[in-house]
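Protein chains in written order, with the numbering used here: chain A, 1 to 215; chain B, 1 to 215; chain C, 1 to 219; chain D, 1 to 219.
None of the hints are false.
Computed Cβ-Cβ distance ranges for the label pairs, DEER-style: (1) ASP77(D) - GLY215(C): 57 to 65 Å; (2) PHE72(C) - ASN57(D): 48 to 56 Å; (3) GLU60(D) - THR33(B): 21 to 29 Å; (4) ASP40(D) - GLY90(B): 45 to 53 Å.
Read the hints as simulated data drawn from the structure, not as lab findings.
Note that the structure is a prediction, hence the values are computed from the model and not measured.
Just so it is clear, CB atoms sit at the ideal spot from N, CA and C, and this is done for glycine as well.
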Amino acid sequence: MKKRMDEKAFKALLKDGQSIMVGGFMTCGTPETLIDWVLESKVRDLTIICNDAGYPDRGVGKLITARRVTKLIASHIGLNPHAGEQMSQGDLAVELIPQGTLAEQIRAYGAGLGGILTPTGLKTVVEEGKQKITIKDQTYLLEMALGADLALIEVAACDALGNAVYAKTARNFNPVMATAAHTVVALTHQRVADIDPECVVTPHVFIDHIVLEEV
Amino acid sequence: MKKRMDEKAFKALLKDGQSIMVGGFMTCGTPETLIDWVLESKVRDLTIICNDAGYPDRGVGKLITARRVTKLIASHIGLNPHAGEQMSQGDLAVELIPQGTLAEQIRAYGAGLGGILTPTGLKTVVEEGKQKITIKDQTYLLEMALGADLALIEVAACDALGNAVYAKTARNFNPVMATAAHTVVALTHQRVADIDPECVVTPHVFIDHIVLEEV
Amino acid sequence: MNAKEIIAKRVAKELSDGDLVNLGIGLPTLVANYIDPSIDVHLQSENGLIGLGPSPNPGEEDKHLTNAGGQFVTLKDHGMYFDSVTSFSIIRGGHVDVTVLGALEVDEEGSLASWIIPKKLVPGMGGAMDLVVGAKKVIVATTHTNKDKPKIKTRCHLPLTAYQEVDLIVTELAVMEVRDDGLHLIEYHPSTTIEEVLSLTEAPLHISEAKPMEGTNHE
Amino acid sequence: MNAKEIIAKRVAKELSDGDLVNLGIGLPTLVANYIDPSIDVHLQSENGLIGLGPSPNPGEEDKHLTNAGGQFVTLKDHGMYFDSVTSFSIIRGGHVDVTVLGALEVDEEGSLASWIIPKKLVPGMGGAMDLVVGAKKVIVATTHTNKDKPKIKTRCHLPLTAYQEVDLIVTELAVMEVRDDGLHLIEYHPSTTIEEVLSLTEAPLHISEAKPMEGTNHE
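Assemble the whole structure, with the sequences as input and the hints as a guide.
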């Protein structure tokens, strides 16, 4: 497995001020070990892009609790009171984005698109500051592509090249984030010999490094 | 199989002037039997949306040869000389679209987006008449969502509800077209009891009718 | 039958055979308990599945199988998993027949506020904005009042989840349709009166079609 | 070694271990025959696969397994299938390291014309526009001239496939890099001379780095 990476090499990827996408939905499908390594590395001023703020002691919530995050882009922060507190205190900039728009913005980046036109958020605070485009009497918001320096994803299994499959609803944002960052690190719990070529969810070309943590 | 449809019911869906998306790539993955039924039905003035014009006697090419098509939206027509001839004679309006843009336009419709911003086609004839949008010094073409009245797709197998999988490169445009038409008819060559829930490519909710043609 | 049960049972009657339905977190989740067993309703959970089954037995929870509220769930036969992009393509693309969700406020134009109380509660919109914009039918399932204050307003005051997208409002007291000319009271619970419903509703209601709600009284 | 073989073999030297590569229809397809067997190069076919293998043995063709030229192919171990949307997300999203394609004309600014001769040949652009815009490195593999007329122009006259996207031009006579100041002749075939290359090229060429092409002479 040429792409296999150890803890030391992973930590060498990290830098203050990086933007990091993290897979998972309320921490289901979040690569906890990679988050722990980010914590241990002491990097700070991070921009985190994740569906939600996790819990205070789980998922990206751990990074927020430890005050390593200065900006959070997410669809929901309700399960982590630290996120709301730090936002109120002005210590954490939070950009709340509708979940479907967040998924499309990340997808757009990974697919080489500049952005997409969505009806979601029209006539709400979400439209503030955004360009509107009307096509055949329907108005849309122009939402721009969103990429990151690093994507940390969790997969259920990888083959030797890094083709990946996911476990049930732990899939969520992981596949799209694997397309949209300069460097993509996958935490896998299993290495398998082969994956049915009809069932590969993330082709190996999207994954740069693999951390193997067998359970 | 509640969604099972026979030839007669299929033909009753057809109307003059309809827009029909047809899956397949150079006829690999094209539902030939459904094309044959369209031919037999005598409908005309069709708008066909397909990756290519097929061959004179295969795929959507059969409809072009029979002069049932007044507009063709495709990325390539080189394998069907009838398409070029009818275009030159003014009998067939051909809109040539870059293959990736065509895929994204259809996807946008199925995903409820108004359109997407792509760099493909900039400073070529493709940009003519289209809105350009510049984001952070990069200019994009605004390409609009593209749907159809009917989508005719070919799948390898369906379960009782219509969950579908495809065969190898016969997948191509079939899954995205299944999302983007008012009525979606799948020609399947096999009915299976179960599909692994991790490997379903087209969830049953996209497929309205199933024509079973066992081989 | 308590208020939540009345609402859930009444909402369930709106679902038809073959519908793809998204049930929001909280009260809307209860609707699943009242779906007519003779019809096939496919429940979507926006974190990535269609075919939501009942809660797992204790000890049989799978940490990789949750709903959008983070609760452990199961998958029915012919269910399937997909990623967030596909999930919201299904939602935004108009492939969800019915979405049921709660409200902080809903108004006579069908606008909904459900995701933020500025400076008090800022959880975020999650998938609600996409669901309300994308679903073919939007049902708000909510208690009629909040601490005796009407939740059904002439105009929402809180920041909107979506503008003019709600089709039906179901409370423990009333069923109201949103039409071009405003809210129509089509059913009221037998334990209340039209007058009481009117007094507990800020928005004006058309009452000419009002009938007693069936099948939700002390069963 | 004929012209096509010289070109294919020289292009193959541009590929590195781990690269994802798309080879266009026709001449570029031959590049696969010359890839260094000690490296792993992953070939994509834009109709929906990565891991393109050799042609199938006669009688073993699978009608559901073709390349973007409609020819029967095979899939290597660890290859996989995907749909057209994913295929072009990979392409447009910058995940293809090298794309190799033919040309009707290519110019000193790196603009390419390859898809249409108005009123004569209108096949359509297929996936070429996305490939040329999206790939990290664009290599044009073409004969140096067409019926003795230069294909490497100061400016393309035919409708463009893409504007200023080509990085390298490989012909049977020369290898030229596209740089900000124009075309640089970096290699010429031992069977020709710099003077001959200049005479068969409409665009001006910088020649200070020109060296004989290695490993393509009568092997």
